[in-house]
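For the sequence shown, our numbering begins at 13 and goes up steadily by one.
These aren't lab readings, by the way, just hints derived from the structure by calculation.
All residues carry an ideal CB built from backbone N, CA and C; glycine is no exception.
Treat the hints loosely; a few may be bogus.
Stated by the list, open to error - The calculated lysine-lysine pairs, modelled on DSSO-like cross-linking and capped at a C-alpha distance of 27 Å, are:
1) K46 with K84
2) K114 with K86
3) K84 with K179
4) K46 with K179
5) K114 with K177
6) K86 with K178
7) K177 with K46
8) K53 with K178
As the list claims (entries may be wrong) - With beta-carbon atoms standing in for the labels, derived distance ranges:
9) P49 with R72: 30 to 38 Å
10) D104 with S51: 32 to 40 Å
11) V87 with I48: 19 to 27 Å
12) H14 with S147: 26 to 34 Å
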Amino acid sequence: MHQYHHPLFVNFIVYFNNNQDYFECHEVLEEYWKSIPDSDKDHPLAAYILLATGLYHWRRGNNTGARRTLEKAKVRFQTFLCNHPAYTEEIDFNLLLEDVEKAVSSSAQELPFNPFRISILSASLAELAHQAENSMTLLPFDSDAVIHKHMLRDRSDILREREEKKKGRH
Numbered sequence: 013m014h015q016y017h018h019p020l021f022v023n024f025i026v027y028f029n030n031n032q033d034y035f036e037c038h039e040v041l042e043e044y045w046k047s048i049p050d051s052d053k054d055h056p057l058a059a060y061i062l063l064a065t066g067l068y069h070w071r072r073g074n075n076t077g078a079r080r081t082l083e084k085a086k087v088r089f090q091t092f093l094c095n096h097p098a099y100t101e102e103i104d105f106n107l108l109l110e111d112v113e114k115a116v117s118s119s120a121q122e123l124p125f126n127p128f129r130i131s132i133l134s135a136s137l138a139e140l141a142h143q144a145e146n147s148m149t150l151l152p153f154d155s156d157a158v159i160h161k162h163m164l165r166d167r168s169d170i171l172r173e174r175e176e177k178k179k180g181r182h
């Protein structure tokens with residue numbers, strides 16, 4: 013199975029392209045990334061996580077955070093051609109890289125948020141995304157529930173996990 017056919021990556025594509033829910037993009041890819049043995053911050057999925065995070069910041073007007081995060085994503089994406097060629101397949105990778113570069117520049121210039129899609133070239137990936145979309149409940153892209161999601165969610169599980177990690181260090 014191609015890395016992009018994993019159900020969590022397919023969900024990422026749907027959230028990214030269909031309702032710009034970058035918070036959920038981050039969540040599903042982080043889950044996928046953590047499920048991969050020996051994954052680290054240099055794993056290709058980290059570039060997509062950074063991309064979603066940067067776009068989330070940019071849409072909310074945090075241009076400095078957006079620029080920094082998108083720049084990190086761009087640097088990681090640029091390594092794909094040499095180090096991770098499988099991650100350049102199935103999508104229009106060159107267009108994605110161009111769009112990321114434009115987002116870095118635009119956020120640095122404090123231009124208004126300008127979303128883009130990840131262009132799918134593979135018929136099989138497009139079909140998987142279509143099937144996933146039909147089974148997902150997507151919020152409107154311009155709703156507060158999408159734009160300000162981090163402020164509206166229950167964080168008790170995250171706080172509990174942090175406390176457990178702290179206890180484990182002592």
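Quick rundown of the hints versus the structure:
{"no.": "1", "hint": "K46 with K84", "in the structure": "19 Å, holds"}
{"no.": "2", "hint": "K114 with K86", "in the structure": "10 Å, holds"}
{"no.": "3", "hint": "K84 with K179", "in the structure": "31 Å, violated"}
{"no.": "4", "hint": "K46 with K179", "in the structure": "21 Å, holds"}
{"no.": "5", "hint": "K114 with K177", "in the structure": "38 Å, violated"}
{"no.": "6", "hint": "K86 with K178", "in the structure": "32 Å, violated"}
{"no.": "7", "hint": "K177 with K46", "in the structure": "16 Å, holds"}
{"no.": "8", "hint": "K53 with K178", "in the structure": "21 Å, holds"}
{"no.": "9", "hint": "P49 with R72: 30 to 38 Å", "in the structure": "34 Å, holds"}
{"no.": "10", "hint": "D104 with S51: 32 to 40 Å", "in the structure": "25 Å, violated"}
{"no.": "11", "hint": "V87 with I48: 19 to 27 Å", "in the structure": "21 Å, holds"}
{"no.": "12", "hint": "H14 with S147: 26 to 34 Å", "in the structure": "20 Å, violated"}
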